[in-house]
Amino acid sequence: MIEFRHVTKRFADGTVAVDDLSLVAPSHQITVLVGPSGCGKTTSLRMVNRMVDPSDGQILVDDEDIHALDAVRLRRGIGYVIQHAGLFPHKTVVDNIATVPKLLGWSRQQARQRALELIDQVGLEQQYAERYPAQLSGGQQQRVGVARALAADPPIMLMDEPFSAVDPVVRAQLQDEFLRLQRDLAKTIVFVTHDIDEAIKLGDNIVVLRVGGRLAQTDTPAGLLANPTDDFVAGFIGRDRGYRALSFVPGDDLRIQPLPDGVHVDTSYPYRRGGPLKAALDATLTAPGGRAVVVDERGTAVGVIDHQDVLAAVRRAETQRAETA
Amino acid sequence: MNDDNIVVGFVEYVGDPASWTGQDGLLWRILEHSVYTVLALAMAALIALPVGLLIGHTNRGSFLALNIANAGRALPTLGVLILVALATSIDIRPVMVALVLLGVPPILASTYAGIRNVDPDAVDAAVGMGMTGREILWRVEVPIALPLIISGLRAATLQIVSTATIAAIVALGGLGRPLLDSIATREYAQAMAAALLVAALAIAFDLVFAALTRVVVSPGVSGRRVARSRG
Amino acid sequence: MTEVLDYVSQSGDTVLSYLGEHIIMSIVPIGLALCFAIPLGWWAARRPVLTSVLLSMGGIAYSVPSIALFIVLPLVFGYQIISLTNIIVALTIYSTALLVRNVIDGLESVPDDVRLSATALGYGHLGRLLSVELPVAVPVIAAGLRVVTVTNVSMVSVGALIGKGGLGNLFMEGLRSDYMAPIIVGLVLSVLLALSLDGLLVMGQRWLTPWVRVRAGR
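Chains A, B and C, in that order, give the protein sequences. Okay, so the first sequence: first residue is 1 according to the working numbering, each after it adds one. Okay, so the second sequence: first residue is 1001 according to the working numbering, each after it adds one. Okay, so the third sequence: first residue is 2001 according to the working numbering, each after it adds one.
No lab work stands behind these hints: they were computed from the structure. For glycine and all other residues, C-beta sits at the position ideal for the given N, C-alpha and C. Some clues are possibly wrong.
[To be verified] Under 7 Å between C-beta atoms, here's a sample of chain B residues computed to sit facing chain C:
hint, residue
1, L1158
2, I1183
3, A1184
Construct the complete structure from the given sequences, taking the supplied hints into account.
As structure tokens, this is what we get:
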């Protein structure tokens, strides 16, 4: 667990990058720091591995004040991924990934073995092992960067806009694979981004920061979408947050109508049974005639839904929320 | 001066084994010249490399590194040599000192530039993964800066070979001796021989550095042009 | 110090004529080198094979110590060893070897979109070179020019070993007569000449690239 207690960072020229920030990043979860330029998110991240030291306040990792620890040893236990990967151009992919294990004294054999495993885990083909970073595309370099940070199996990962420098298609792939990795590895991750959609997609907890480094709101993605604390947060999230919030409402309550006999139903825009209401609404809006096919886990058609069914489910969810609030 | 005479004289001179052997022979002069060069280069590197690495890594004192190279270039080497010789003594030691000092600016400037040009992202990642300052310098900055560092050594060597040649005017041996002596006596055929040998020696040193670069520098840094993959 | 002043008042004329020769032998090679280096560089820019051939040749030319060139070239080309031409030809070769690399780097540093817009606007090859690519490449080329100029001023002195060295002749005089004054005069004038030419080039560069100044001034 990572904890910030009243952390402030003042730079020599007078700028206050982080202002009295207190937050908790729970273990084994992804905590996303998000906000506009100048909100201190990167500075805050870099204080966790002491690349920057706070002017005031304390930072604790598993209840230990990191200021009392040796910075170099601290960093060897924390994975660090930056925007353009910062791969070492003079080392092959394998050697890049094996860097921290070798620093920690692993044998060449062990380090190399681990690196080759990680190449698989991050979705790269083994043929890239002996290539140099200059021969890789941006997305591939980022994967190597993530693998390099994971090499010594650190409990904590710090990631500074790791997926921002690639095009949207590659970014979506990297985000999906990252989530898959995290399901397997369950690391404590602090992730910085300026993109609220990325934050909502990836975060278990989201910390929204304002310009000037002050905390605006901490919440789960659903909570953030449902209840932004003020106009700044609401504006930062964006206008269609009501719609986007539907991706957090489960669809088990949907009334599914039976498949009509004899009529051919278009299965190009299916909705998977049980998926979030947003997916259901998207399906009914895109399917011709406003009727979408519902499929089960194996892809077999089990029924149809239309706009009315989805909106009815939305209304029921609203009422339920109002009752429990 | 008749061109034919010179060519004939040259062939005669080069064909005569006596020109090559013996205490003043060309072979001995080649050896002398090489030894002076290697010694002066080693000493210049011993001074300039650590200073360049330190200034580059800590980025303090960059004013020194940048301006010393420019200052070095503006000084006419012949004038410096003669000044040093007259001021101390027409002896080999002050001349060697001058050679070493002339070799320092290129090495210092290129080493500094090499370290400064290392991708700051790579250095940031190295700090973040827990490398100590020394580890960062030797495992990251130097290997990446190697092409520029070697080019500095190469430039210094050229400077030294060249200056050692004209240093014969103030008592240094080497190939400058037969060259300048034969110019003074207008035996241009012999001057040709010495001049060609100096040129060949300089090119030989340069080729050694070229080979060194290929062996020592990582292919990831020297920039192999391989097609980038997609995805 | 008084020795130096004495010397200057005595031999002022000689010093001035040496200085004049020195200026000619420093500057002419640079003008000639530009005439060679710019077309060569333009031809080789963005053509990697040609670039590495030219740079290798230039590298070899530059490796050869100047004094060797002063002896070998006259016999190859057929002019007198003891002549201004000799020094000028040798230094032109040196300067071209150095400058070609700068011209290539400078032209290759012009962003592709700038070149493409120039073509789209209707510039032919030569027009684009003169009006668009060269101006943008000026800083890189100017940096090389400065190095080459200062180096030339220093190398001209070496010509004193064959009797044509401009201010370098003062060094030889001092050596022969075991007299420091001419050496000091020679050194001071040589450095001043190098610094002045460097300064002129910097001013010329600023005049040619006003947009750089504006950007820095913001």
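So, as I understand it, the hint says B:A1184 touches chain C; can you test that by seeing if any CB pair is closer than 7 Å? For B:A1184, the interface hint is violated, since the closest Cβ of chain C sits about 9 Å away, which is over 7 Å.
Restraint outcome when B:L1158 is required to lie within 7 Å of chain C by C-beta distance: With Cβ-Cβ at 6 Å, under 7 Å, it holds.
So, as I understand it, the hint says B:I1183 touches chain C; can you test that by seeing if any CB pair is closer than 7 Å? Since the shortest Cβ distance to chain C is 6 Å, the answer is holds.
Figure legend: structure checked against the earlier numbered hints; the only hint not met is number 3.
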